[in-house]
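**Q** As given, the protein sequences belong to chains A and B, one line each in that order. Once you know that position 113 of the first sequence is 113 in my numbering, the rest is easy, because the numbers rise by one and skip nothing. Once you know that position 15 of the second sequence is 163 in my numbering, the rest is easy, because the numbers rise by one and skip nothing.
Possibly wrong hints are sitting among the right ones.
[As the list claims (entries may be wrong)] Derived CB-CB ranges, DEER-like:
hint, chain 1, residue 1, chain 2, residue 2, range
1, A, Ser6, B, Gln207, 35 to 41 Å
2, A, Ser27, B, Pro195, 26 to 32 Å
3, B, Ala192, A, Asp39, 42 to 48 Å
4, A, Ser120, B, Gln207, 24 to 30 Å
5, B, Leu170, A, Tyr3, 46 to 52 Å
6, B, Gln236, A, Ser73, 42 to 48 Å
7, B, Ala192, A, Thr2, 44 to 50 Å
8, B, Gln236, A, Ala77, 40 to 46 Å
9, A, Tyr3, B, Ala192, 24 to 30 Å
10, A, Ser20, B, Ala216, 39 to 45 Å
[Said to hold, decoys possible] Computed, partial: chain A to chain B, Cβ under 8 Å:
hint, residue
11, Ser20
12, Asp23
13, Met36
14, Tyr46
15, Gly89
16, Asn93
17, Met94
18, Gly105
[Unchecked claim] Derived contacts from chain B toward chain A, CB cut-off under 7 Å, selection only:
hint, residue
19, Val182
20, His186
21, Asn204
22, Gln207
23, Ser209
24, Ser219
25, Ala220
26, Glu232
27, Arg238
28, Ala240
29, Leu242
30, Lys252
No lab work stands behind these hints, which were simulated from the structure alone. Given the structure is predicted, the values throughout are model-derived calculations rather than measurements. Where is the CB? At the ideal position from N, CA and C, for every residue including glycine.
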Amino acid sequence: MTYIPSADDLEVITREVWTSFLDGDPSGLIAESGDMPADKITGCVYLSGAYTGSIMLQCSPPAARDAAAALYSIAPASVTQTEVVDALGEIANMVGGNVKSMLPGPSTLSLPSVVQGQLSVPGTRMVREVQLSWRAQPLFVSLWQQAS
Amino acid sequence: MRILIVDDSRAMRMIVARTLRLAGYDEHELIEAVDGLHALEVVAQEPPDVVLCDWNMPQMSGLELLTALRSAGWRIPFGFVTSEASPQMRAAALEAGAMFLVAKPFTPEDFQDVLDPVLA
């Protein structure tokens, strides 16, 4: 039986990334369902091999800006779009790489993609999702798998 | 000592540099490259004493860089700093000639554990 990381696993990994590099206060990130705006920022890495699918991280534009500001250690007002793309891509890569380590291998992890809005990978379905809130802004992390 | 940080993410290069300073390596010179190809140029121009390299990068991956360096005769201590840290990845890294693999996210202590023996 193949183990698929649980929603709790996704939360633990996301928390580890967040508390290590973005926000030293663990209470800043809470489990909470919310509405994701249509102009969300989506970071995604793809897996191909023994497990084929993707790991997506979605957050509101203010959360993406604050995440980039935290990674770069700069003021949120001075964050550029390039820095948002770099930051969200790297966060998706860190979360995705750690999720990959829990999945059956060998698989190859792609370079990250970052878009504004919804990103859909044809032929895949969401198998896990955790909905979080960071600084009162929505942050969703999900695991997708190629439909058999 | 000169430490080369290779990562296509500018944010991650900054975080690695910041963490190295927190780990007590602020007296060392930190230089950067944005991918494997760039790192090859940097090594040729100003050889570092140790390389800290991402695994997954455009143009030339970390593993391809390590192979190219070893093929060219460079024996610079080389370690991966990557989000992928499964036992298989660690085995592949060591087999290719890496000295260590640091998993992202990391702490200053993670770098001290692997760099103190190299930079002492």
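**Q** Run every hint past the structure and note whether it holds.
**A** These are the hints, each one checked on the structure:
1. Between serine 6 of chain A and glutamine 207 of chain B the C-beta distance comes to about 36 Å, which sits within the given range of 35 to 41 Å.
2. In this structure the supplied range 26 to 32 Å is violated for serine 27 of chain A paired with proline 195 of chain B, their Cβ-Cβ distance being about 46 Å.
3. At about 45 Å, the CB distance of alanine 192 of chain B to aspartate 39 of chain A agrees with the hint of 42 to 48 Å.
4. Range check, serine 120 of chain A to glutamine 207 of chain B: about 28 Å between beta-carbon atoms, so the 24 to 30 Å window is met.
5. Evaluation of the 46 to 52 Å hint for leucine 170 of chain B and tyrosine 3 of chain A yields a failure: the beta carbon distance comes to about 35 Å.
6. A hinted range of 42 to 48 Å is violated for the C-beta pair glutamine 236 of chain B and serine 73 of chain A, which are about 34 Å apart.
7. Between alanine 192 of chain B and threonine 2 of chain A, the C-beta spacing of about 45 Å keeps the proposed range 44 to 50 Å intact.
8. Glutamine 236 of chain B and alanine 77 of chain A have their C-beta atoms about 43 Å apart, which keeps the hinted 40 to 46 Å range intact.
9. Checking the proposed 24 to 30 Å range against tyrosine 3 of chain A and alanine 192 of chain B shows it is violated: the Cβ atoms sit about 45 Å from each other.
10. Our hint of 39 to 45 Å for serine 20 of chain A and alanine 216 of chain B is violated, since their Cβ atoms are close to 31 Å apart.
11. Annotation: interface hint on serine 20 of chain A holds; nearest CB of chain B at approximately 3 Å, less than 8 Å.
12. With its C-beta approaching chain B no nearer than about 12 Å, aspartate 23 of chain A sits outside the 8 Å limit, and its interface hint is violated.
13. Contact between methionine 36 of chain A and chain B, as hinted, is not supported at the beta carbon level, the nearest pair being about 23 Å apart and thus beyond 8 Å.
14. Checking tyrosine 46 of chain A against chain B by beta carbon gives a least distance of about 11 Å; that is not within 8 Å, so the hint is violated.
15. With 8 Å as the threshold, the beta carbon of glycine 89 of chain A comes within range of chain B, its nearest partner Cβ sitting at about 7 Å, so the hint holds.
16. Interface hint at asparagine 93 of chain A: satisfied, since its Cβ lies 5 Å from the closest Cβ of chain B, which is below the 8 Å cut-off.
17. Taking 8 Å as the C-beta cut-off, the interface hint given for methionine 94 of chain A holds, the closest approach to chain B being about 4 Å.
18. Hint on glycine 105 of chain A holds. Least Cβ distance to chain B is approximately 6 Å, under the 8 Å limit.
19. About 11 Å separates the beta-carbon of valine 182 of chain B from the nearest beta-carbon of chain A, more than 7 Å, and the hint is not met.
20. At a threshold of 7 Å, the smallest CB-CB gap from histidine 186 of chain B to chain A is about 16 Å, leaving the interface hint violated.
21. A least Cβ separation of about 6 Å between asparagine 204 of chain B and chain A falls short of the 7 Å threshold, and the interface hint therefore holds.
22. Proximity of glutamine 207 of chain B to chain A is violated relative to the hint, the smallest CB-CB distance being about 11 Å (cut-off 7 Å).
23. With a cut of 7 Å, the hint placing serine 209 of chain B at the interface with chain A is violated, because the nearest CB-to-CB distance is about 10 Å.
24. Annotation: interface hint on serine 219 of chain B violated; nearest CB of chain A at approximately 23 Å, more than 7 Å.
25. Because the smallest distance between the Cβ of alanine 220 of chain B and any Cβ of chain A comes to about 25 Å, over 7 Å, the interface hint for this residue is violated.
26. For glutamate 232 of chain B, the interface hint holds, since its Cβ comes within 7 Å of a Cβ in chain A; the closest pair sits about 4 Å apart.
27. For the restraint placing arginine 238 of chain B at the interface with chain A, the shortest Cβ-Cβ distance is roughly 10 Å, beyond the 7 Å limit, so the hint is violated.
28. The closest approach between the C-beta of alanine 240 of chain B and any C-beta of chain A is roughly 9 Å, which is over the 7 Å cut-off, so the hint fails.
29. The interface hint given for leucine 242 of chain B is violated, since its Cβ lies 16 Å from the closest Cβ of chain A, which is over the 7 Å cut-off.
30. Below 7 Å, beta-carbon pairs count as interface contacts, and lysine 252 of chain B has one with chain A at about 5 Å; its hint therefore holds.
Checked against the numbered hints given earlier, the structure breaks hints 2, 5, 6, 9, 10, 12, 13, 14, 19, 20, 22, 23, 24, 25, 27, 28, 29 and satisfies all the rest.
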